[in-house]
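There are 2 protein chains.
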Amino acid sequence: MNQAEPSSVKISDVVLRDGHQSLLATRMRTEDMLPICAKLDAIGFHSLEVWGGATFDACVRFLKEDPWERLQSLREALPDTPLQMLLRGQNLLGYRHYADDVVERFVARSADNGIDIFRVFDALNDLRNLETAMKAVKASGKHAQGTICYTVSPVHTREMYVEQAKRLVDMGADSIAIKDMAGLLTPYATGELVEALVEAVEVPIHLHAHATSGLASLSQMKAVEAGCRHIDTCISAFAGGTSHPSTEAMVAAFQDTPYDTGLDLVALKEIGDYFREVRKKYAAFESEYTREDVSVQIWQVPGGMMSNLANQMKEQNALGRIQDVFDEIPKVRADLGYPPLVTPTSQIVGTQAAMNVLTGERYKSITNEVKRYLLGGYGQPPTEVNAEVRRKAIGNESVDDGRPADHIKPEMARLEQEIGDLANSEEDVLTFAMFPDLGREYLQGRRDGTLVAEPIPAAEASGGGRPVSEG
Amino acid sequence: MNQAEPSSVKISDVVLRDGHQSLLATRMRTEDMLPICAKLDAIGFHSLEVWGGATFDACVRFLKEDPWERLQSLREALPDTPLQMLLRGQNLLGYRHYADDVVERFVARSADNGIDIFRVFDALNDLRNLETAMKAVKASGKHAQGTICYTVSPVHTREMYVEQAKRLVDMGADSIAIKDMAGLLTPYATGELVEALVEAVEVPIHLHAHATSGLASLSQMKAVEAGCRHIDTCISAFAGGTSHPSTEAMVAAFQDTPYDTGLDLVALKEIGDYFREVRKKYAAFESEYTREDVSVQIWQVPGGMMSNLANQMKEQNALGRIQDVFDEIPKVRADLGYPPLVTPTSQIVGTQAAMNVLTGERYKSITNEVKRYLLGGYGQPPTEVNAEVRRKAIGNESVDDGRPADHIKPEMARLEQEIGDLANSEEDVLTFAMFPDLGREYLQGRRDGTLVAEPIPAAEASGGGRPVSEG
Ligand SMILES: [Co+2]
Ligand SMILES: [Co+2]
Chain C
1 MNQAEPSSVK ISDVVLRDGH QSLLATRMRT EDMLPICAKL DAIGFHSLEV
51 WGGATFDACV RFLKEDPWER LQSLREALPD TPLQMLLRGQ NLLGYRHYAD
101 DVVERFVARS ADNGIDIFRV FDALNDLRNL ETAMKAVKAS GKHAQGTICY
151 TVSPVHTREM YVEQAKRLVD MGADSIAIKD MAGLLTPYAT GELVEALVEA
201 VEVPIHLHAH ATSGLASLSQ MKAVEAGCRH IDTCISAFAG GTSHPSTEAM
251 VAAFQDTPYD TGLDLVALKE IGDYFREVRK KYAAFESEYT REDVSVQIWQ
301 VPGGMMSNLA NQMKEQNALG RIQDVFDEIP KVRADLGYPP LVTPTSQIVG
351 TQAAMNVLTG ERYKSITNEV KRYLLGGYGQ PPTEVNAEVR RKAIGNESVD
401 DGRPADHIKP EMARLEQEIG DLANSEEDVL TFAMFPDLGR EYLQGRRDGT
451 LVAEPIPAAE ASGGGRPVSE G
Chain H
1 MNQAEPSSVK ISDVVLRDGH QSLLATRMRT EDMLPICAKL DAIGFHSLEV
51 WGGATFDACV RFLKEDPWER LQSLREALPD TPLQMLLRGQ NLLGYRHYAD
101 DVVERFVARS ADNGIDIFRV FDALNDLRNL ETAMKAVKAS GKHAQGTICY
151 TVSPVHTREM YVEQAKRLVD MGADSIAIKD MAGLLTPYAT GELVEALVEA
201 VEVPIHLHAH ATSGLASLSQ MKAVEAGCRH IDTCISAFAG GTSHPSTEAM
251 VAAFQDTPYD TGLDLVALKE IGDYFREVRK KYAAFESEYT REDVSVQIWQ
301 VPGGMMSNLA NQMKEQNALG RIQDVFDEIP KVRADLGYPP LVTPTSQIVG
351 TQAAMNVLTG ERYKSITNEV KRYLLGGYGQ PPTEVNAEVR RKAIGNESVD
401 DGRPADHIKP EMARLEQEIG DLANSEEDVL TFAMFPDLGR EYLQGRRDGT
451 LVAEPIPAAE ASGGGRPVSE G
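In order, the protein sequence lines correspond to chains C and H.
Residue numbering for the first sequence follows this note's numbering, starting at 1 and increasing by one per position.
Residue numbering for the second sequence follows this note's numbering, starting at 1 and increasing by one per position.
One or more of the hints may lead you astray.
One copy or any two copies: either way a pair holds, since identical chains are not told apart in the list.
[Claimed, not checked] Straight line, CA to CA, 30 angstroms or less: simulated DSS-like cross-link-like pairs of lysine-lysine:
1) K314 / K166
2) K280 / K269
3) K314 / K142
4) K142 / K364
5) K314 / K39
6) K371 / K281
7) K269 / K135
8) K10 / K64
9) K281 / K138
10) K314 / K409
11) K314 / K269
12) K10 / K392
13) K364 / K10
14) K269 / K331
15) K409 / K39
16) K280 / K138
17) K281 / K142
Hints were generated in silico from the structure; no laboratory data involved.
Can you make the complete structure from the sequences, with help from the hints?
This is the structure in structure tokens:
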């Protein structure tokens with residue numbers, strides 16, 4: 001793709017998904033989205049990220065909203081803007097690997113209900129975990145965006161990412177997203193990576209960079225100068241910290257340059273003012289852990305992971321040894337072949353590191369998740385794992401280096417049968433598939449007319465130390 | 001200056017002056033500064049901005065601290081770091097033009113008490129208002145930093161700024177600061193301006209850019225790439241919004257590049273953690289008006305000025321006409337020859353604009369400040385004023401195009417006499433000089449042992465709409 005000539009930068013705003021997922025524990029309700037949709041729709045965004053990630057879970061678990069109905073409402077309220085979702089590959093929006101038929105149906109229903117752009121990723125960058133979803137997106141005639149989960153390690157070289165991008169394009173990716181969930185990207189490293197990717201593949205490069213360490217806007221500028229023309233930003237009211245660079249600032253930054261987005265700052269400011277008011281309603285969900293923090297640039301450990309571990313150590317009355325755990329994390333990560341630290345690998349690595357410290361002997365006790373990981377249950381680690389640790393963990397059991405989902409038989413029929421007439425639609429079956437207990441409970445409550453959204457706690461409770469998920 | 005080769009960027013941290021001036025109404029007390037000074041001193045900053053601006057006023061008015069003693073304490077606690085202050089040229093730290101002998105004594109005493117670097121500016125960029133202060137700094141053997149107040153107007157061309165920089169160097173400036181108090185600078189405009197300045201003068205270029213519109217870190221990066229090697233940042237706990245880019249983020253941004261600052265992120269993080277706790281103590285002084293706001297990029301009017309005007313219009317029960325006032329501001333500014341909008345010109349322009357709207361007829365009523373401005377009382381406007389408006393304002397009175405201070409006779413002797421034995425030192429006389437009523441009251445209270453710092457209001461009062469001053 002010849003992007004030597006500067007040209008207009010396209011903006012995807014993430015306020016309706018990643019913005020509130022990053023800053024407000026994914027709690028924004030549909031009722032607070034719809035009133036501003038007409039204005040959002042008129043901006044001319046490349047896309048609005050509105051669905052997927054943790055929103056599906058939060059809808060069913062906390063808000064007692066039907067996530068599919070949210071999507072339908074947003075589709076109707078945003079007729080002129082492509083809608084985008086984040087999909088965890090073979091995990092979809094749940095917490096296990098699904099059979100291919102579930103992935104295919106989930107993607108098809110998402111497309112039918114209004115998703116135009118599917119950003120598909122796998123925590124280990126094991127592309128076999130993306131394959132079925134990507135094919136399903138293409139079969140739906142929608143835009144399939146292949147994702148590189150960005151991390152830093154001795155094996156995660158620029159060449160490795162370029163190779164991954166090429167394979168994603170071979171899989172049919174219409175574009176490539178660099179997903180920096182932890183805020184690890186630095187501006188000059190970003191520029192070099194983007195330059196290499198732009199040269200290597202013909203499809204557009206998108207940059208999704210969390211502002212955790214305060215570097216994301218700088219990284220986006222260097223990305224744009226290197227040929228990236230698609231950046232993810234969030235309206236200022238939900239920008240910064242563990243969220244994203246602010247939409248208004250990035251639009252202003254490129255105004256009157258060849259990169260000019262052409263978006264109207266006055267209209268964006270009105271949207272920002274609207275969301276500033278909305279944010280106040282959810283003050284109880286604010287957290288000190290969402291603010292800008294350079295730690296990830298020092299220790300390469302995501303902020304959310306560090307705060308979760310601190311909570312765990314506190315519960316064990318072992319907060320005094322938290323630094324030992326932080327020191328142990330890179331070692332465990334190396335033993336496991338340098339997985340990117342994102343759900344679920346951040347939990348897998350973090351819990352084992354804590355255990356290695358608390359038991360006083362490394363790998364004296366090994367979690368089931370580490371065992372499953374070393375058996376190949378999550379897919380292929382980025383590089384060779386520590387053979388000694390693997391022996392300790394799995395003994396003589398043999399490693400399965402196939403695609404995890406290859407062992408899962410088609411399950412839609414079984415799921416339909418299990419949920420029975422609590423499901424009014426295939427969408428309901430898929431909700432049940434994502435969360436067997438929670439989903440059933442939700443559908444039962446809907447039938448019984450007993451669904452009640454969690455109350456929004458009073459604002460006094462704010463500023464606490466709630467754990468944070470990466471988006 | 002040949003800065004074609006990338007080289008280390010130097011950092012001036014402003015947390016002890018502009019950081020809390022921008023975010024906490026200048027309320028941080030010396031007792032909250034001293035405990036962290038050893039760590040600040042060990043970082044290796046190019047300088048720490050610790051004095052001047054509004055801190056002198058806040059010490060005397062609210063904190064009942066002797067500003068000179070604060071400086072002495074900081075000097076002692078920061079033996080290894082150059083200390084920097086912001087000086088309003090012939091206005092020093094007060095609100096009128098002073099006689100040259102006061103300026104000379106003020107600078108000499110500031111130098112003796114510990115200031116190494118004097119950043120000297122004039123709101124109108126009338127360099128005659130800088131001359132005496134710059135000479136006095138040189139006479140003290142200290143670093144004289146000449147300042148360009150950045151603004152945007154048809155007459156403020158790059159050539160005009162280059163010309164100003166050259167004249168500052170001719171006046172003996174050891175370095176040039178670009179001072180963007182409103183957050184007007186955009187990254188690519190910054191790059192072009194810095195490039196021109198670096199080419200035109202031999203002395204280092206410093207960039208002081210407020211993050212109001214979310215662009216300052218981007219502007220600093222483009223400045224650095226264009227040859228600027230000195231940027232002002234603020235430790236993350238007091239960064240962003242109407243303050244400055246975060247120190248940690250800018251250090252991380254340049255790490256492992258030829259611009260590497262060499263500063264230690266772990267040590268900076270400890271300082272950030274300290275100040276995050278300090279900030280909580282002053283929660284009552286937080287304001288919604290200090291957050292990131294793109295407005296200044298739309299209307300070229302500083303955020304603080306807009307919020308002050310909104311308050312004024314509210315008091316007049318005329319908030320409904322605030323948009324008319326915002327529309328009037330650029331017209332009044334043009335009539336007055338495009339002054340940069342900073343204290344006191346922001347008030348002069350804003351109040352007249354409000355009056356033009358409220359009276360229903362432009363310049364039906366004209367403020368005394370506008371009259372004084374048009375008589376030349378503040379110095380020379382950047383360009384020709386509207387002759388018709390001037391005639392209305394001053395009638396047949398003749399414009400004085402000399403240096404305002406030329407009409408002020410030496411006044412140290414008179415000041416010493418007036419304050420008498422309430423002053424124990426020349427520093428006390430200068431405190432009295434800055435604030436005739438307030439200074440006397442302070443010195444009297446000190447003698448009587450009745451000084452009491454304002455109480456810090458309970459945090460519940462926070463989030464309000466207090467007016468904001470530019471730094
Ligand atoms: Co994200
Ligand atoms: Co300032």
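Exercise. For this structure, which hints from the list above don't hold up?
Worked result: Numbers 1, 3, 4, 6, 7, 8, 9, 10, 12, 13, 15, 16, 17, in rising order.
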